[in-house]
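Got chain A; can you put chain B on it based on the hints?
2 protein chains.
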Amino acid sequence: MSAHQTSTTEETLDPHDWEEIRALGRQMLDDMIEYLRTVRERPVWQPLPQDLHRHFERPLPRTPRPLGDVYAEFKEKVLPYPTGNIHPRFWGWVMGNGTITGMLAEMLAAGFNPNQGGLVQSGNLVESQVISWCKEMFGFPPSASGLLVSGGSMANLVALTVARNNRAGYNVREEGVGSAPRPLRIYASTEVHSSVHKAVEILGLGCKGLRLVGVNQDLTMNLDLLKSAIREDREKGLLPICVVGCAGTVNTGATDALDALADLCKEEGLWFHVDGAFGALAALSPELRHLVKGMERADSLAFDMHKWMYMPYEVGCTLLRDADVHRQAFSLTPHYLERTTRGIAGTELWFSDYGVQLSRGFRALKVWMSIQENGIDKFGRLIRQNVEQARYLERLVTSARELELVAAVPLNIVCFRYVGSLTDAGAIDTLNKELLLRLHESGIAAPSNTVIQGKYALRVCITNHRSTKEDLALLVQEVLRIGKTLTT
Amino acid sequence: MSAHQTSTTEETLDPHDWEEIRALGRQMLDDMIEYLRTVRERPVWQPLPQDLHRHFERPLPRTPRPLGDVYAEFKEKVLPYPTGNIHPRFWGWVMGNGTITGMLAEMLAAGFNPNQGGLVQSGNLVESQVISWCKEMFGFPPSASGLLVSGGSMANLVALTVARNNRAGYNVREEGVGSAPRPLRIYASTEVHSSVHKAVEILGLGCKGLRLVGVNQDLTMNLDLLKSAIREDREKGLLPICVVGCAGTVNTGATDALDALADLCKEEGLWFHVDGAFGALAALSPELRHLVKGMERADSLAFDMHKWMYMPYEVGCTLLRDADVHRQAFSLTPHYLERTTRGIAGTELWFSDYGVQLSRGFRALKVWMSIQENGIDKFGRLIRQNVEQARYLERLVTSARELELVAAVPLNIVCFRYVGSLTDAGAIDTLNKELLLRLHESGIAAPSNTVIQGKYALRVCITNHRSTKEDLALLVQEVLRIGKTLTT
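Same order as they appear, the protein sequences are chains A and B. Heads up: the first sequence is residues 69 to 556, going by my numbering. Heads up: the second sequence is residues 69 to 556, going by my numbering.
Incorrect hints may appear among the rest.
Which copy? The list can't say, so a pair holds if one copy fits it or any two copies do.
Result set (DMTMM-like, lysine to aspartate or glutamate): computed pairs, CA atoms no more than 25 Å apart in a straight line [to be verified]: (1) Lys143 with Glu87; (2) Lys295 with Glu470; (3) Lys276 with Glu406; (4) Lys295 with Glu335; (5) Lys143 with Asp82; (6) Lys523 with Asp492.
Because the hints were derived from the structure by calculation, they are not lab data. Keep in mind the model is a prediction, meaning the values are calculated, not measured.
Next comes chain A alone, as it looks inside the complex:
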């Protein structure tokens, strides 16, 4: 039988005409490269036209339509209305931009389409190498384990599952949380990210299983309050199991005293997890590394590469100091997943043993290609550049008498607001809310917003490889202009 013979009655999703789809693919590639090359010329963001929602309400298509037409619809109805995060003047929430290399790597990954759940195939070697590189980046030992996940939320969930199962003192996998002789407690500062709340709830510990500890003036965890909380809980018959330290809080970029937390966890016999979603990446810059000192002593570390490593969505990572403990939390081997001595299943390394997912995509490839193309030192320089840009913005803010800096700037986040001659707290909040919306609608710049100790603030989080200081100067100029308009 010839390898080329196929039945005439059997259908496939492969193209009839390979040259036609190649030509269309080239057009898509050219368009996307041009779209990204010219991103600075377009607004950061624009509102959706009224009728766009209706456009996306057509029912399930039953019959085929040429891919070129579908692509034309994508260009007309999707491409003009981005989130904004690809733009040099987007600084909302915590988002990366993506890169051309990341885009090309995603294409290669989807075509090659390996299942990274396990099995004997080259993709697993790529992911293993990326995890080894992550250990190097953060000073974790070679014996540590790791897993690429969809992002920081999953990275925290995976790490806290391991922490729960390892420190509860009995077989949680078998018995469940309901069998705990003493209620389990996890500690984090009031500034901890919502994904930690979500993880604790999913794990069945309940919101009340997460005790929030007050912060110092610099918005880092107050260790005296932590110590007394632990003591108090032990006296009440609860079982403290874990402390979550923040490497870069989402609000202001504050980093808890990680070395002191590591000491305390060691003394108290607690699991030490660090949520370093973006802040952990400061370790890549020799000039910033001291900010996250102590992070390398964590039992587990969660961080994101689609934030401050600028990769396209999705890719986050969890590192675990103890690979066995990591595996014990997730490993399951039913008959249909049994390992063999040779053949496709002939390996002991199954990433599905280290997390939630069984089938897993090749998110490792974009990281592997990007780190090689740029060298990790360049990521360190870009991260430092973003921090210097934040300091530059801080200077611009503090030197403009209409503006108020609302929080310290320890890293890459600047929270400030327009005050002008206003004195009423409510009026200042109202003004800044409207100011932010006008800024978004202008398409010129996109910070997000938060509340710091009761004050509504514009929040500029610089995890953007396309931003320049000039972009930040333009932001301040526009804030002053809009603020003035709104107060006169």
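Below, chain B alone, put in the same frame as chain A:
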């Protein structure tokens, strides 16, 4: 300030030379299309060369390297060693192949790089439309909600989190599982997928919170055993909350009596979840739809598009009948995620309110483009084609006296083994284990393996848009050849 002005001292990850990367991108695209066009000419899978592991042990690169060189390494060291699932004769585990359209869509998605966590941007309209289409596909009401997730494991975890929180009878999010007045119980057949075990463990219910119910001869859940298990548990003071029905078990493709399960759950006041990872997709074929009747009555449904819709990894989906209940299980709105009345955050639809992830990639795009390009009816035909191929293989197996069919073939999975003249059970197992490894190593075909009622079996799961009946005939021919070699 000109939009084109950039500081000379500031770095970026954007290319210096856009034409150079465009040329390289075109090369990558051409190579991948050619790689997929010629996939049938290559072995399904091949062992990794001895020294390949060592190749991937180089430490973290500090300095840059031309992207073309990195890509050359990908071509030489990665591309020749796939999982195998892209090949027409791969039928291991449950995997899709991916498609050219899926590959191109992933490129577009990564370049556009929206954050699908929420916000006002076109990507959310695309995902909403895909979810609406999924409701149509499976007969869920327009008022239902849904979420695209990384795959079946997450789809089950999301659904079971909602089930737990909704049916525990108290505020689980606040109080945790440890505060349950009565231990919570979930029911599923002994054939249920391991991802359900994993989800139940993560949720803090413990393995013992999942009661496995025995199966009938056809490997579907025995409803009498289920009823008595529920009664017995209630008498013991446990709280039954949920039944998981299987639409297509991983071992054999058996589908529980879903209509009867829906009735029973209604009577008993239990949440009815269906794990339809691949089997749910049978609903797309008018000829097969009856197999999953009752699924449309589920409170929640988990299924995968990277399996029997052939999309590249990763994309799965959870549908929830009650959108409010869905949202109540996950919604969290800290200050830094506050919705605004206008601007980028001016929407009530935040997908992060419906699952674990906050930042989310644009996995919706490949589904949106593929369904439009092909029309959903074509997916139904391809699914039916795979089922007919399974029946064809069943006939080949039952008509070869050396082979034994080990389980019924209700859907797309055929479990069989070579017996020849052997009679000793252990010897038959040993023979088939070796036979499978030789089959893998031959590169001709790749089933996986399982154990059905004590019998080791080759397991052929056809979720492959590239397979033909001739491919299956070749499989049987090779199994007979290797079996004969091993027994003479």
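How the hints compare with the structure:
1. Taking the shortest alpha-carbon separations for Lys143 and Glu87, both the intra-copy value of 22 Å and the inter-copy value of 22 Å come in at or below 25 Å.
2. Proximity of Lys295 to Glu470 under the C-alpha cut-off of 25 Å is found in neither arrangement, the shortest distances being 41 Å within a copy and 71 Å between copies.
3. Proximity of Lys276 to Glu406 under the C-alpha cut-off of 25 Å is restricted to the inter-copy arrangement: shortest distance 23 Å between copies versus 39 Å within a copy.
4. In the homo-oligomer, the alpha carbons of Lys295 and Glu335 lie at most 25 Å apart inside one protomer (11 Å), although the nearest pairing across protomers, at 51 Å, exceeds that limit.
5. Proximity of Lys143 to Asp82 under the C-alpha cut-off of 25 Å is found in both arrangements, the shortest distances being 23 Å within a copy and 22 Å between copies.
6. For a Cα distance limit of 25 Å, the shortest separation of Lys523 from Asp492 inside one copy, 12 Å, qualifies, whereas the shortest one across copies, 78 Å, does not.
Figure legend: structure checked against the earlier numbered hints; the only hint not met is number 2.
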